[in-house]
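Protein chains in written order, with the working numbering: chain A, 1 to 256; chain B, 257 to 512; chain C, 513 to 768; chain D, 769 to 1024; chain E, 1025 to 1280; chain F, 1281 to 1536.
Mixed in with the good hints there might be a few duds.
Stated by the list, open to error - Derived lysine-lysine pairs resembling BS3-like cross-links, with alpha carbons at most 25 Å apart:
(1) C:K690 to C:K711
(2) B:K388 to C:K690
(3) B:K258 to D:K1018
(4) C:K734 to D:K900
(5) D:K900 to D:K770
(6) C:K514 to E:K1026
(7) A:K132 to A:K2
(8) C:K644 to C:K514
(9) A:K222 to A:K250
(10) B:K478 to B:K506
(11) C:K711 to C:K734
(12) E:K1274 to F:K1479
(13) A:K132 to E:K1202
(14) D:K990 to C:K762
(15) D:K900 to A:K178
(16) F:K1458 to C:K644
(17) A:K250 to B:K478
(18) F:K1458 to F:K1479
(19) F:K1412 to B:K434
(20) F:K1412 to A:K2
(21) D:K946 to E:K1156
As the list claims (entries may be wrong) - A short list of chain A residues far from chain B (calculated; beta carbon distances all over 10 Å):
(22) G195
(23) L197
(24) A239
(25) R256
Claimed, not checked - Part of the chain C face toward chain F, derived, beta carbon under 10 Å:
(26) L566
(27) I590
(28) Y627
(29) S629
(30) K644
(31) N645
(32) M688
(33) K690
No wet-lab data here; the hints were simulated from the structure.
Heads up, the beta-carbon is just placed ideally off N, CA and C, and yes, glycines get one too.
6 protein chains.
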Amino acid sequence: MKSRLHDVWAADRGALNGWLSIPSTVTAEITALQDYDSLTLDLQHGLVDYQSALELMQAVTGYGKTVLARVPWNEPGIIMKLLDGGALGIICPMINTAEEAARFVGACQYAPRGYRSSGPTRAGLIYPDYFKNANDTIVTLAMIETVQAVDNLDAILATPNLTGVYVGPGDLAVSMGKPPALDHTDPEMAGVIDGILQKTKAAGLKCGMHCLNPPFMADAVKQGFDFLTLASDVRIFTAAQAAGVAEFRKLGGGDR
Amino acid sequence: MKSRLHDVWAADRGALNGWLSIPSTVTAEITALQDYDSLTLDLQHGLVDYQSALELMQAVTGYGKTVLARVPWNEPGIIMKLLDGGALGIICPMINTAEEAARFVGACQYAPRGYRSSGPTRAGLIYPDYFKNANDTIVTLAMIETVQAVDNLDAILATPNLTGVYVGPGDLAVSMGKPPALDHTDPEMAGVIDGILQKTKAAGLKCGMHCLNPPFMADAVKQGFDFLTLASDVRIFTAAQAAGVAEFRKLGGGDR
Amino acid sequence: MKSRLHDVWAADRGALNGWLSIPSTVTAEITALQDYDSLTLDLQHGLVDYQSALELMQAVTGYGKTVLARVPWNEPGIIMKLLDGGALGIICPMINTAEEAARFVGACQYAPRGYRSSGPTRAGLIYPDYFKNANDTIVTLAMIETVQAVDNLDAILATPNLTGVYVGPGDLAVSMGKPPALDHTDPEMAGVIDGILQKTKAAGLKCGMHCLNPPFMADAVKQGFDFLTLASDVRIFTAAQAAGVAEFRKLGGGDR
Amino acid sequence: MKSRLHDVWAADRGALNGWLSIPSTVTAEITALQDYDSLTLDLQHGLVDYQSALELMQAVTGYGKTVLARVPWNEPGIIMKLLDGGALGIICPMINTAEEAARFVGACQYAPRGYRSSGPTRAGLIYPDYFKNANDTIVTLAMIETVQAVDNLDAILATPNLTGVYVGPGDLAVSMGKPPALDHTDPEMAGVIDGILQKTKAAGLKCGMHCLNPPFMADAVKQGFDFLTLASDVRIFTAAQAAGVAEFRKLGGGDR
Amino acid sequence: MKSRLHDVWAADRGALNGWLSIPSTVTAEITALQDYDSLTLDLQHGLVDYQSALELMQAVTGYGKTVLARVPWNEPGIIMKLLDGGALGIICPMINTAEEAARFVGACQYAPRGYRSSGPTRAGLIYPDYFKNANDTIVTLAMIETVQAVDNLDAILATPNLTGVYVGPGDLAVSMGKPPALDHTDPEMAGVIDGILQKTKAAGLKCGMHCLNPPFMADAVKQGFDFLTLASDVRIFTAAQAAGVAEFRKLGGGDR
Amino acid sequence: MKSRLHDVWAADRGALNGWLSIPSTVTAEITALQDYDSLTLDLQHGLVDYQSALELMQAVTGYGKTVLARVPWNEPGIIMKLLDGGALGIICPMINTAEEAARFVGACQYAPRGYRSSGPTRAGLIYPDYFKNANDTIVTLAMIETVQAVDNLDAILATPNLTGVYVGPGDLAVSMGKPPALDHTDPEMAGVIDGILQKTKAAGLKCGMHCLNPPFMADAVKQGFDFLTLASDVRIFTAAQAAGVAEFRKLGGGDR
Ligand SMILES: [Mg+2]
Ligand SMILES: [Mg+2]
Ligand SMILES: [Mg+2]
Ligand SMILES: [Mg+2]
Ligand SMILES: [Mg+2]
Ligand SMILES: [Mg+2]
């Protein structure tokens, strides 16, 4: 089960992750053509449900990116469906307690490690020896994005077979009484996030974060982050469309 | 039949047209949220067929843009289907002779002007008094994109009820033995295109062109163009994705 | 190849035809549950293209109605695809000359009668002995809906293997300089339509018509029509939605 | 965040709600063209899942109706996905206890009021200042449709930030040992429902109900109901199709 | 509510069940054309979600097979949606305790037997007197596929209104520390499975199993099994494609 | 523009072609996982239209097969759309004259060789230097499948830039007054087909044929054929489903 993300991590480098929120095989394939290490299908806040996710996974298969999926909620049905469909990892939102983390990781692991049901319909077609390798390959990232999760971080990090955590800076800010935002630089938010990073690395786990801008992301790798997401297809497309139109309008476009 | 494009033209201004090549209601809606005057669904080189086009037209309806469609070829079946579906105009590729122009325009006009079949299933739902107003509202733009078309331009421009022409700089270049490109500045291409513009304006018709960059487009309006397309959703998305990834990689992104 | 429409005609009765313009298997199945003799998928003015049409044909298969399709235009590609997909007949719009009629019917008939290509992928699955029976079963209805068609009617009716004609009262009115309408009762339109009926019946062919209201339709059967369409799913749904809302509003609905 | 439903309620009037059970943008758009105040996508008993719901929300955006969604069950994943997709409110079935009500409302409210995760991908595009306004705008209607819910009504109504309740007369009847039906007039059912209305209004909350016929609905507004649903697209279409066919058959349609 | 599966069981015969994992109405219809007694849509390990499942159910309706669905997990939302969509039964994975069995069966039964919500949108259209007959017709099969489930089998079998159990040999093997496989013949697995069969039959309930090969299946019927699944559309298609290609390659196909 | 089909031909070997008639990315991907050299999407008799074809092309991209498409008819619109979508070649049905062949090939070639319009939206993304290489890479196969085509074969083979021919044995049989069949062994059919092969090879062009069984195909390669199709996904799936069910029934499956 070859995976670029695992190779990047084996080289102790930070991975560049693309984010797919648009239910279109076309935007997915264009994204897959770029030099990302992994791609995450967002079934939580993205406009994507299982059937679209399956098509997106098929459309990006040829481009050598590791495919992950963020699920809408910590529910075994959708977690297992996405793994059976070929995702090599799951990002689970709102993991606030060790019990929730155990339930999440268990859904991703076959017995005796967990309670994942066997039947990797597409995964078994595209990966040789899937059953033998799945438990050791599947990436599980628990989202740390509330004050409660930060409080429970030690226990969460102790979950067997958890790959790591994924910081959700938007929800974390909301949980701390602030408006949602990414790429935080104010000391309070930055401090909390650095605390998550330090504990996660100390536990020997991977630490990822949702970001917006390449400079912030490159810096985060240097601080120790292992997995950084570049905005999302929705944000990138919206910004680019807006920029072109604004440039035309600013030039007096339309005026003779 | 209110139409922003008609209002822009009534004010003798140049219209900013968005281009939809992606068969996704999400990218279409995001595009429709921008300050475009019109949107064109590209069923020729775009990755869009009728059924997707219908959904795109529905998804952008609320944003007040005039919706046009470029058809795959000069065939009455698809032209009429798109008009029935609510497009207020058609861009027809590869109009090289007056006879082809007449066949195109006839497909867009009810008798006695043309041979369009009556049955505006969606158009009749969303536009009051559709039958009464359609013939005078529907925009017909013939693409001028070959040497043959340039040679026949006078006859093409004489087609009754033709709204105007749309310059296809890529195909025009190919037809002249050059690689396809947009935003031509070399004197030969620029000269041919200016010739099209002058003849079209002299005939009292509208002149549009497929472009890439806002400065070129703003300049084209000043030269007399009435309708300028900003690249396409595919180009805009691809460029923006590539730029973000390149910035991260250039910053040594991934390196500790 | 059992077909309720053929049975109705064998009993010399008029057939009740339902009209599917909505690309939804749900509305199609609901329509198929009603006591129609046949159902026509409208790929011309309906909001339906081939891929949707295939799904609609599958969704209505269990309900014993004969399935026909109206094509967007007289083009062999789409005619043959719909027959291969399981349609037992084609309604072709805008047949104005004998040559057009021959081209249409030829596309529906295997050699030596016509030039239909063999490969009935779904039709061959659902109908036993398809190749042997297709030529004698496939229904071909040429739309007579212009002054030119009326003028050429004798020649059109002489087309070998043509099943009959289908009157398009809306387009016929437009062609005669009137607004499009159905269920014509004014003497001029009624006279022209009766002329079509008499010639068609005299030629031993079937005569159908697009209608709106049951009383007009029941009367048309008595006049000799063989195939009457009850409005369309779009019209029926729109009228019913509007009626319910209007009743509520008229009752002062919303007022305390 | 302009919303017609909020305007109707601000004027202390009863709102007319349309009900979308068909996964078709065409029937949705036709419904949106009518004079409804709001539209509810039914993901519970309707034939609609998330991906279709997204397309329906896009297709009706231009018509100024407030869009709500009924979820299949009280699960945070789908509730949040629909809100992120642009629904301005949620109807949650089978709320039988105060605990269930709190879990439901919490999924619809950002901290500190609830536990909704931030990431309004489409909602943020179409509504300015979404985060600031969402908590005060999102409509939450708990379905009261079992004997248990009626017994626990006081506690349910005390749920902070609950907008109101929506009576499900069909399930309520089943729960009381009767066959499912709407527009109840028998004294026992009518009495229970009136009890729900009185308590809900006394608590200062909104009271809605699923209905069938405009006269019953208009009367319900006068009794104090704030939100009345007119059957569903499935019922309306089925009844209208059946009526037309029955009329033709009754007229001896088909007989010469 | 006519059902071939119920007829087969009434004749005390073993039913042949087809398995639909491919989200395609075409493969579903081809499968429905075969001599199966029932068809199960697999929403757990199959590549099928609700919206596809609905289309599959519509596509197979005309072929007289009883339609069941396996849900992704024991969640009432999706169970009820599938029943409302017309499935006549549910196979629920991973039922390990009597409490889980009761929750599953309750979701399939209207009060007073269970807590299924009333609103059989499609089921009510296609089955007369649905509400009256549903509780006695709906098939509920609990999957027994873990050591825990085997341990709790007596209590599970005591669940009121449970139709029977469905053995999942793959997961059962995993739970017992073996690789997943079907058609087990080793004594340990065969013994456990026979134990399930004996207890289930002794309880007067139906016993089904997921299988691979017809001889194993025919034998299982003779042992007492009531419901046997022939592999899946994915396995059947993959094997057949591979066999044809292998035969060509083995023949030196491609060599001159 | 790497292409396995071109490599096979460069080694003067016969290519094994898979045939996609099912509009499902799942069956397409399973087919692409097999050891085919190329895959052809059938938009003529297959149940596939453009929008599905695009998704199929995306789903098979990662498996290194050369992708071709058969168009419904010799129409430039759909030919160019499929090439723009990434197909590396076109099979065109019913090429009966040199004029038709020239029209077909011209639609596949940029000026000055042909009249293909430039705008390879997806092809340009996935193939570097597409415009420079397309004319020399695109495969054009004219179907020879009527008596008329056989009569005109010399002239058809003289078409500049034609890659070769593809024998349609079913239609050829029909054209010769026989029932449609594949893998002909009767001397008359075999003789005509051998004549096509000899002339095509003598002209230095490629010769392909639609076949059913691997032994016939392996033999055809030895006779000189360059491109052999193994039945179709529909035939393969139908036969395999039927075989499994028949085996169970023959074993008395279902009997105790
Ligand atoms: Mg979050
Ligand atoms: Mg062009
Ligand atoms: Mg007409
Ligand atoms: Mg209810
Ligand atoms: Mg299992
Ligand atoms: Mg052929």
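Evaluation of the provided hints:
1. C:K690 to C:K711: holds (23 Å)
2. B:K388 to C:K690: Satisfied, since the Cα-Cα distance of roughly 11 Å is no more than 25 Å.
3. B:K258 to D:K1018: violated (44 Å)
4. C:K734 to D:K900: This hinted pair is violated, its Cα atoms lying about 67 Å apart.
5. D:K900 to D:K770: With a Cα-Cα distance of about 14 Å, the restraint between K900 (chain D) and K770 (chain D) holds, given a limit of 25 Å.
6. C:K514 to E:K1026: holds (23 Å)
7. A:K132 to A:K2: Distance of about 14 Å is within 25 Å: holds.
8. C:K644 to C:K514: holds (14 Å)
9. A:K222 to A:K250: violated (38 Å)
10. B:K478 to B:K506: violated (38 Å)
11. C:K711 to C:K734: Status holds; Cα separation ~16 Å.
12. E:K1274 to F:K1479: Cα-Cα ~29 Å, so violated.
13. A:K132 to E:K1202: Holds, at roughly 11 Å.
14. D:K990 to C:K762: holds (14 Å)
15. D:K900 to A:K178: holds (11 Å)
16. F:K1458 to C:K644: holds (11 Å)
17. A:K250 to B:K478: OK: K250 (chain A) and K478 (chain B) at ~14 Å, within 25 Å.
18. F:K1458 to F:K1479: holds (23 Å)
19. F:K1412 to B:K434: holds (11 Å)
20. F:K1412 to A:K2: violated (34 Å)
21. D:K946 to E:K1156: This hinted pair holds, its Cα atoms lying about 11 Å apart.
22. G195: About 20 Å separates G195 (chain A) from the closest Cβ of chain B, which puts it past 10 Å; holds.
23. L197: Fine: 13 Å to the nearest Cβ keeps L197 (chain A) off the interface.
24. A239: Its Cβ does come within 10 Å of chain B, the nearest being 7 Å, so this is violated.
25. R256: It is violated; R256 (chain A) is separated from chain B by about 6 Å at its closest Cβ, not greater than 10 Å.
26. L566: holds (6 Å)
27. I590: Holds, because the Cβ-Cβ distance from I590 (chain C) to chain F comes to roughly 7 Å (cut-off 10 Å).
28. Y627: The hint holds - Y627 (chain C) has a Cβ within 10 Å of chain F, the shortest such distance being about 7 Å.
29. S629: It holds, given that the least Cβ distance between S629 (chain C) and chain F is near 5 Å, below 10 Å.
30. K644: holds (8 Å)
31. N645: violated (12 Å)
32. M688: At about 32 Å, which exceeds the 10 Å cut-off, the nearest Cβ of chain F leaves the hint on M688 (chain C) violated.
33. K690: violated (33 Å)
Hint compliance for this structure: hints 3, 4, 9, 10, 12, 20, 24, 25, 31, 32 and 33 are not met, and every other hint is.
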